[in-house]
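Asks: If you read the sequences in order, they're chains G and C. With my numbering, letter number 200 in the first sequence gets 254, and the count goes up by one each step, no holes. With my numbering, letter number 74 in the second sequence gets 95, and the count goes up by one each step, no holes.
It should be emphasised that the hints constitute simulated quantities derived from the structure, not laboratory data. Quick caveat: nothing in here was measured; it's all calculated off a predicted structure. Some clues are possibly wrong.
[Claimed, not checked] To give an idea of the interface, some chain C residues facing chain G are shown, with a C-beta separation under 8 Å as derived from the structure:
| id | residue |
| --- | --- |
| 1 | T35 |
| 2 | P37 |
| 3 | D62 |
| 4 | I64 |
| 5 | W144 |
| 6 | N167 |
| 7 | L170 |
| 8 | K172 |
| 9 | L241 |
| 10 | F243 |
| 11 | D249 |
| 12 | A267 |
[As the list claims (entries may be wrong)] DSSO-like, lysine-lysine: derived pairs with alpha carbons at most 30 Å apart:
| id | chain 1 | residue 1 | chain 2 | residue 2 |
| --- | --- | --- | --- | --- |
| 13 | G | K59 | G | K320 |
| 14 | G | K245 | G | K320 |
| 15 | G | K151 | C | K172 |
| 16 | C | K211 | G | K59 |
| 17 | G | K320 | G | K110 |
| 18 | G | K320 | C | K222 |
| 19 | C | K120 | G | K316 |
| 20 | G | K320 | G | K151 |
| 21 | G | K320 | C | K120 |
| 22 | C | K222 | C | K120 |
| 23 | C | K211 | G | K151 |
| 24 | C | K153 | C | K222 |
| 25 | C | K95 | G | K245 |
| 26 | G | K320 | C | K246 |
| 27 | C | K211 | C | K95 |
| 28 | C | K306 | C | K222 |
| 29 | G | K320 | C | K153 |
| 30 | G | K110 | G | K215 |
| 31 | C | K120 | G | K215 |
| 32 | G | K316 | C | K246 |
| 33 | C | K222 | G | K59 |
| 34 | C | K246 | C | K95 |
| 35 | C | K246 | G | K273 |
| 36 | G | K215 | G | K59 |
| 37 | C | K211 | C | K222 |
| 38 | C | K153 | C | K172 |
| 39 | G | K59 | G | K316 |
| 40 | C | K172 | G | K320 |
By construction, the Cβ of each residue, glycine as well, lies at the ideal position given by its N, Cα and C atoms.
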Amino acid sequence: MRYIKEILLVVGSLLFLSPIYVMFVNSFKSRSELYENVLALPETLTFEYYSAAITKMNFLTAFLNSLVITIISVIFIVILASMTAWMLARTDNVISKIIFMVFISTMLIPFQTIMMPLIQFMDQLMTVTGIPFLNTRGGLIFMHIGFNASLAVFLYHGFVKSIPMSLEEAATIDGCSKFGLFWRIIFPILKPITVTVIILNVIQIWNDYLLPSLVLTDKGLRTIPLATFYFFGEFTIQWNQAMAGLVLTIIPVVIFYAAAQKHIIKGIGEGAVK
Amino acid sequence: MSRLHNRLWYLVFTVPLIMIFTIVVLIPFLIGIFYSFFEWDGIAANPMIYVGFDHYIELLSDGRFLNSAWLTVKFTFFSVILVNILGLGFALLVTTALKSSNFARTMFFMPNLIGGLILGYIWQFIFSDVLKMLGEATGYDQIFFNWLLDKDFAMYALVIVFAWQMAGYMMIIYIAGIQSIPNDVIEAAKIDGASYWQRLKNIMFPLLMPSFTISMFLTLSFGFKIYDTNLSLTNGGPVNQTELFAMHIYNEIFGYGNYGYGQAKAIIFFIVVAAITLTQVYLTKKREVEM
Numbered sequence: 055m056r057y058i059k060e061i062l063l064v065v066g067s068l069l070f071l072s073p074i075y076v077m078f079v080n081s082f083k084s085r086s087e088l089y090e091n092v093l094a095l096p097e098t099l100t101f102e103y104y105s106a107a108i109t110k111m112n113f114l115t116a117f118l119n120s121l122v123i124t125i126i127s128v129i130f131i132v133i134l135a136s137m138t139a140w141m142l143a144r145t146d147n148v149i150s151k152i153i154f155m156v157f158i159s160t161m162l163i164p165f166q167t168i169m170m171p172l173i174q175f176m177d178q179l180m181t182v183t184g185i186p187f188l189n190t191r192g193g194l195i196f197m198h199i200g201f202n203a204s205l206a207v208f209l210y211h212g213f214v215k216s217i218p219m220s221l222e223e224a225a226t227i228d229g230c231s232k233f234g235l236f237w238r239i240i241f242p243i244l245k246p247i248t249v250t251v252i253i254l255n256v257i258q259i260w261n262d263y264l265l266p267s268l269v270l271t272d273k274g275l276r277t278i279p280l281a282t283f284y285f286f287g288e289f290t291i292q293w294n295q296a297m298a299g300l301v302l303t304i305i306p307v308v309i310f311y312a313a314a315q316k317h318i319i320k321g322i323g324e325g326a327v328k
Numbered sequence: 022m023s024r025l026h027n028r029l030w031y032l033v034f035t036v037p038l039i040m041i042f043t044i045v046v047l048i049p050f051l052i053g054i055f056y057s058f059f060e061w062d063g064i065a066a067n068p069m070i071y072v073g074f075d076h077y078i079e080l081l082s083d084g085r086f087l088n089s090a091w092l093t094v095k096f097t098f099f100s101v102i103l104v105n106i107l108g109l110g111f112a113l114l115v116t117t118a119l120k121s122s123n124f125a126r127t128m129f130f131m132p133n134l135i136g137g138l139i140l141g142y143i144w145q146f147i148f149s150d151v152l153k154m155l156g157e158a159t160g161y162d163q164i165f166f167n168w169l170l171d172k173d174f175a176m177y178a179l180v181i182v183f184a185w186q187m188a189g190y191m192m193i194i195y196i197a198g199i200q201s202i203p204n205d206v207i208e209a210a211k212i213d214g215a216s217y218w219q220r221l222k223n224i225m226f227p228l229l230m231p232s233f234t235i236s237m238f239l240t241l242s243f244g245f246k247i248y249d250t251n252l253s254l255t256n257g258g259p260v261n262q263t264e265l266f267a268m269h270i271y272n273e274i275f276g277y278g279n280y281g282y283g284q285a286k287a288i289i290f291f292i293v294v295a296a297i298t299l300t301q302v303y304l305t306k307k308r309e310v311e312m
């Protein structure tokens, strides 16, 4: 009985992922083989459709763009949000409270409410200052930082509140500057929540489609979701190539999941409940 | 000296992020409210004409808008039910003492990490080709046909894909809820001879109420805001029967070039999403006090 239950659970959870199986097996099949039976295993392993998808999607460029944009955005979010949240939590005055409240309340704003005025404003800023906010990786990173700041500040703020003050007081007496105090003493203590912030932001920024689609116009700047969108839009769908392309986009996600599975599940839970 | 010193540090620590945040979020939000009172086609050379609250009044009799709003409510309703049934079901399955439960948990959560756009494309193949071929092979072509071309079924296809993505997420929340139930309560009920269903209904469910609230509202607000999967799975079709709120706003602004009118719809969207979220926060807080 026990073994039957074990087997049922394994089979059930694998069945749940059957769309991934379908995607995977059909990425190796020729057109006629695919239409003969979509569920069968491929007769031969050919990487023909993968190489076609890599070329058409410009996959390597898209992958590097996604990687650079995600990593730099997340680094900035972690540094700036932790510093801001610590200051706000440790300075007990009206201004800090107001700033914190503004951060929190903007979490209610859906992206569609801001997208059009954002692009207009960035365009105007570009004309006035000459800084290229639109159609550059830097500009997109800048916007990712802005949009993900609230949640990160919120998570850090809650965590800082749970650290006893005495530690910081002792360090201040020892003559540590605020900057040294934060980086040498506080930041290491924040590690658990930093992991959560990193995971939530990596998932969000890596998968984001709408913001990059509005900001980036050059082909060479496309991230993975953008490249996938244009891949499906520009070519009449050849499903074997399309499936190969989708498998490629999922590989980095699977690697990330395999490497940080425990942290991811924990981080998602914490991000949701708060 | 020391006070000035502290103030300087305060600025150094907070100003960079506040500045970026103001430029990216706050100013565009305020400009957005302003835009909604103007008639404008998005071309800088063309004039912006002040129309006051006209756009907000026009909304009330805009058939496409109201249809989209209704579709969104319908989609969200079915999604909330399906996602939570699956999420709770999975959570109950993987909190049993089985050895394979960790593996199952990992598998159930997996789709949540894949972006909505990519999920939509995977399922586009399932609904358009795999289902059709299953229909041809089995003869059950009343169930197995291309759902995406049917104006009623396309909506349910979207619900299924959304549920596939979100069920694992809600499972995590329910697992946390289940694990916080003290074991001795369950054991006591077992000894008293309560069946599995009785334990579930009379002990587990009432104690899981906080998890219900969180999951319900998370699904509600994610469902309401769905865009990426909507775009890649159906792109609003067939004949606009799956053009949900977020997509409708996008199309009004960037598709039809009604920048002012579309922005008014975007403001209404904000108000609805904010109302849903605030209700959740209120209910969760209230419950915490009662516990």
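Asks: Confirm or reject each hint.
Replies: Taking the hints in turn, this is what the structure says about them:
With 8 Å as the threshold, the beta carbon of T35(C) comes within range of chain G, its nearest partner Cβ sitting at about 5 Å, so the hint holds. Given the 8 Å rule on beta carbons, the hint for P37(C) holds: about 6 Å separates it from the nearest Cβ of chain G. Because the smallest distance between the Cβ of D62(C) and any Cβ of chain G comes to about 12 Å, over 8 Å, the interface hint for this residue is violated. At about 11 Å, the closest approach between the beta carbon of I64(C) and any beta carbon in chain G exceeds 8 Å, and the interface hint on this residue is violated.
For W144(C), the interface hint holds, since its Cβ comes within 8 Å of a Cβ in chain G; the closest pair sits about 6 Å apart. For N167(C), the interface hint is violated, since its Cβ never comes within 8 Å of a Cβ in chain G; the closest pair sits about 13 Å apart. Below 8 Å, beta-carbon pairs count as interface contacts, and L170(C) has none with chain G, the closest being about 15 Å; its hint is therefore violated. Violation of the interface hint for K172(C) is found here, the shortest Cβ-Cβ separation to chain G being roughly 22 Å, above the 8 Å cut-off.
Proximity of L241(C) to chain G is violated relative to the hint, the smallest CB-CB distance being about 13 Å (cut-off 8 Å). Hint on F243(C) is violated. Least Cβ distance to chain G is approximately 10 Å, over the 8 Å limit. Evaluation of the D249(C) hint against chain G yields a held restraint, the C-beta minimum of about 5 Å falling below 8 Å. Restraint check, A267(C) versus chain G: the minimum CB separation of about 5 Å is within 8 Å; hint holds.
Only pairs whose Cα atoms come within 30 Å are accepted, and K59(G) paired with K320(G) is accepted, the gap being roughly 26 Å. In summary, the hint linking K245(G) to K320(G) is supported, as the alpha carbons are separated by about 14 Å, within the 30 Å threshold. Proximity of K151(G) to K172(C) is assessed by CA-CA distance (about 50 Å); at most 30 Å being required, the pair is judged violated. Under the criterion of a C-alpha separation no larger than 30 Å, the hint pairing K211(C) with K59(G) is consistent with the structure, at around 20 Å.
For the given pair, K320(G) sits about 37 Å from K110(G) by alpha-carbon distance, which is inconsistent with the 30 Å threshold. Straight-line distance between C-alpha atoms of K320(G) and K222(C) comes to about 27 Å, which keeps the hinted pair within the 30 Å bound. With a C-alpha separation of about 17 Å, the suggested pair K120(C) and K316(G) falls inside the 30 Å cut-off, and the hint holds. Between K320(G) and K151(G), the direct Cα distance comes to roughly 29 Å. Compliance with the 30 Å bound is thereby established for this hinted pair.
For the given pair, K320(G) sits about 20 Å from K120(C) by alpha-carbon distance, which is consistent with the 30 Å threshold. Under the criterion of a C-alpha separation no larger than 30 Å, the hint pairing K222(C) with K120(C) is consistent with the structure, at around 25 Å. A threshold of 30 Å between alpha carbons decides the hint, and for K211(C) with K151(G) the separation of about 50 Å lies outside it, so the pair is violated. At roughly 40 Å between alpha-carbon atoms, K153(C) and K222(C) are farther apart than 30 Å, so this suggested pair is violated.
Taken as a hint, the K95(C) and K245(G) pair is broken in the structure, with Cα atoms around 42 Å apart against an allowance of 30 Å. Pair hint K320(G) plus K246(C) holds up; C-alpha atoms about 24 Å apart against a cutoff of 30 Å. Using a Cα cut-off of 30 Å, the hinted pair K211(C) and K95(C) is violated, with the two alpha carbons roughly 40 Å apart. Distance check on the hinted pair: K306(C) and K222(C) sit about 24 Å apart at the alpha-carbon level, within 30 Å; holds.
At roughly 39 Å between alpha-carbon atoms, K320(G) and K153(C) are farther apart than 30 Å, so this suggested pair is violated. Among the hinted pairs, K110(G) with K215(G) is inconsistent with the structure: their alpha-carbon atoms are about 50 Å apart, more than 30 Å. Pair hint K120(C) plus K215(G) does not hold up; C-alpha atoms about 38 Å apart against a cutoff of 30 Å. Restraint check for K316(G) and K246(C): the C-alpha separation of about 28 Å stays at or below 30 Å, so the hint holds.
Restraint check for K222(C) and K59(G): the C-alpha separation of about 22 Å stays at or below 30 Å, so the hint holds. At roughly 13 Å between alpha-carbon atoms, K246(C) and K95(C) fall within 30 Å of each other, so this suggested pair holds. Distance hint between K246(C) and K273(G) is fulfilled; the C-alpha atoms sit about 28 Å from each other, no more than 30 Å. Between K215(G) and K59(G) the alpha-carbon distance is near 45 Å, which puts this suggested pair outside the 30 Å criterion.
Between K211(C) and K222(C) the alpha-carbon distance is near 13 Å, which keeps this suggested pair within the 30 Å criterion. About 16 Å separates the Cα atoms of K153(C) and K172(C), which keeps this hinted pair within 30 Å; it holds. Distance hint between K59(G) and K316(G) is fulfilled; the C-alpha atoms sit about 24 Å from each other, no more than 30 Å. Straight-line distance between C-alpha atoms of K172(C) and K320(G) comes to about 39 Å, which puts the hinted pair past the 30 Å bound.
Against the hints set out earlier in the document, violations occur for numbers 3, 4, 6, 7, 8, 9, 10, 15, 17, 23, 24, 25, 27, 29, 30, 31, 36, 40.
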